[in-house]
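K.L.:
Listed below, chain by chain, are the residues.
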Amino acid sequence: MAVIRLFIIVFVVLSVIYISLSFYSRARARDRLEAEWDAGGIDMPREAYVRHGLSDYDGSLRRKLILGVYVVPMALVGLIIYLVNFA
Amino acid sequence: MRYIGWTILIAFWVSVGAFLHYTLPQRDIVRIVRVFEERQDLTDWTRVFWSRPDEQSDAFISRDVQFIQTVRANGRPMVYRNEDTGWSWPPYFKFDTSNLFTEAADATSNRAAPEWYVITHYGWRNEFLTIFPNAISLRPVDGPDASKGIPWVNIIVLTTIAAIFYGIWVRWRRFRRNRIDPRLEEIQDSWEAAGDAVDAKRGRFRRWLNTWR
Chain A
1 MAVIRLFIIV FVVLSVIYIS LSFYSRARAR DRLEAEWDAG GIDMPREAYV RHGLSDYDGS
61 LRRKLILGVY VVPMALVGLI IYLVNFA
Chain B
1 MRYIGWTILI AFWVSVGAFL HYTLPQRDIV RIVRVFEERQ DLTDWTRVFW SRPDEQSDAF
61 ISRDVQFIQT VRANGRPMVY RNEDTGWSWP PYFKFDTSNL FTEAADATSN RAAPEWYVIT
121 HYGWRNEFLT IFPNAISLRP VDGPDASKGI PWVNIIVLTT IAAIFYGIWV RWRRFRRNRI
181 DPRLEEIQDS WEAAGDAVDA KRGRFRRWLN TWR
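If you're matching them up, the sequences are chains A and B in order. Under my numbering, residue 87 is the last one in the first sequence; the count climbs by one each step, no gaps. Under my numbering, residue 213 is the last one in the second sequence; the count climbs by one each step, no gaps.
Note that these hints are calculated values from the structure, not bench results. Treat the hints with caution; some may be incorrect.
Okay, the calculated bits of chain A under chain B, using three or more residues with CB under 8 angstroms as the criterion [as the list claims (entries may be wrong)]:
#, stretch
1, 19 to 31
2, 47 to 56
Restraint ranges, calculated between C-beta atoms of paired labels, are given here [stated by the list, open to error]:
#, chain 1, residue 1, chain 2, residue 2, range
3, B, R174, A, L67, 26 to 32 angstroms
4, A, A2, B, E185, 52 to 58 angstroms
5, A, I19, B, R2, 51 to 57 angstroms
6, A, S60, B, P91, 30 to 36 angstroms
7, B, A11, A, G41, 56 to 62 angstroms
8, B, R2, A, D56, 52 to 58 angstroms
9, B, A11, A, P45, 58 to 64 angstroms
10, A, M1, B, T108, 32 to 38 angstroms
11, A, L67, B, F165, 24 to 30 angstroms
12, B, T108, A, I19, 19 to 25 angstroms
13, A, L67, B, G5, 25 to 31 angstroms
Computed, partial: chain B to chain A, Cβ under 7 angstroms [as the list claims (entries may be wrong)]:
#, residue
14, E55
15, F60
16, G86
17, W87
18, S88
19, W89
20, F93
21, E127
22, R139
Yeah, the Cβ is synthetic: ideal placement off N, Cα and C, and Gly gets one too.
Construct the entire structure; sequences and hints are all you get.
P.N.:
Here it is, written out as structure tokens:
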């Protein structure tokens, strides 16, 4: 089935992008937290501060926005199907 | 060496341009003359210029294809094929071929009382290869000189592609400046240093030789 094959290929490609992006974004968040601690004025061990900040990041909207990697192309395909066939 | 580099570069950009010109939608103002269906043999390499409406079509050596015969606003003929693109490339996701065939049949007019339509399509017409652009949609316009509308899809797609290429290019330049150029300079420096050392040694050798004269 062409549609299943398309979905599998697109899913694999998007998953690679999603995983890379989420690792990159988390590394950026960690860098930011470490820089904040290094700037001084935080009476907390560095390790604990970073771990606490990252657990905040895990629940953040920014992290959920990365799901847009899946949502945006699917919405685009839906829009194209509507415009080409039904508009 | 320089010519080879240029040839590769030009060939690359010409193929990118040709690919985009084939794939992106274009609009023509036409008068529809007739619609028909004709059996096509699809066994040679020009198969790539026809669609894959469904899985079975891969196995067929020939099948019926719908066509739309038109005359363009400049008076020259143009024939479009009318095929589903389905879930395959290019990503138009066109499934309404039969509906478009009906619309086109309903929109035929003759030279005496012409009705003009904008037909959105992708692909090329080539008489030697017998290939046809694929019609995507149809909408009536006032006359042969009417506006075709702003090509939003092309603007968005081309801008996105340009942004991606620019992003890659900038990063490549930065990478080259920071990582490759210093190495090359190092190699060149050490090469020159080696050359100087050889010269110095040869000078000494020559001086020694001259003492024998």
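K.L.:
Determine for every hint whether it applies to the structure shown.
P.N.:
Results of checking the hints against the structure:
1. 19 to 31: Our answer is that it is violated, as 0 residues pass the Cβ test (under 8 angstroms) against chain B, missing three.
2. 47 to 56: violated (count 0)
3. B:R174 / A:L67: 26 to 32 angstroms: Distance hint for R174 of chain B, L67 of chain A holds at roughly 30 angstroms.
4. A:A2 / B:E185: 52 to 58 angstroms: With a Cβ separation near 53 angstroms, A2 of chain A and E185 of chain B satisfy 52 to 58 angstroms, so the hint holds.
5. A:I19 / B:R2: 51 to 57 angstroms: With Cβ atoms ~42 angstroms apart, the hint is violated.
6. A:S60 / B:P91: 30 to 36 angstroms: Holds, at about 33 angstroms.
7. B:A11 / A:G41: 56 to 62 angstroms: Given a distance of about 59 angstroms, which is inside 56 to 62 angstroms, the answer is holds.
8. B:R2 / A:D56: 52 to 58 angstroms: Taking Cβ atoms as reference, R2 of chain B and D56 of chain A lie about 56 angstroms apart, which means the hint holds.
9. B:A11 / A:P45: 58 to 64 angstroms: holds (59 angstroms)
10. A:M1 / B:T108: 32 to 38 angstroms: Distance hint for M1 of chain A, T108 of chain B holds at roughly 36 angstroms.
11. A:L67 / B:F165: 24 to 30 angstroms: At 27 angstroms between Cβs, range holds.
12. B:T108 / A:I19: 19 to 25 angstroms: violated (53 angstroms)
13. A:L67 / B:G5: 25 to 31 angstroms: For G5 of chain B against L67 of chain A, whose Cβ atoms are near 43 angstroms apart, the range 25 to 31 angstroms is violated.
14. E55: For E55 of chain B, the interface hint holds, since the closest Cβ of chain A sits about 6 angstroms away, which is under 7 angstroms.
15. F60: violated (15 angstroms)
16. G86: Holds - the Cβ of G86 of chain B comes within 7 angstroms of chain A, reaching about 6 angstroms at its closest.
17. W87: Holds: closest Cβ of chain A sits about 4 angstroms from W87 of chain B, inside 7 angstroms.
18. S88: holds (6 angstroms)
19. W89: It is violated, given that the least Cβ distance between W89 of chain B and chain A is near 10 angstroms, above 7 angstroms.
20. F93: Check passed: Cβ of F93 of chain B comes within 5 angstroms of chain A, closer than 7 angstroms.
21. E127: violated (28 angstroms)
22. R139: Status violated, d = 10 angstroms.
Violated hints, in rising order: 1, 2, 5, 12, 13, 15, 19, 21, 22; the structure is consistent with all others.
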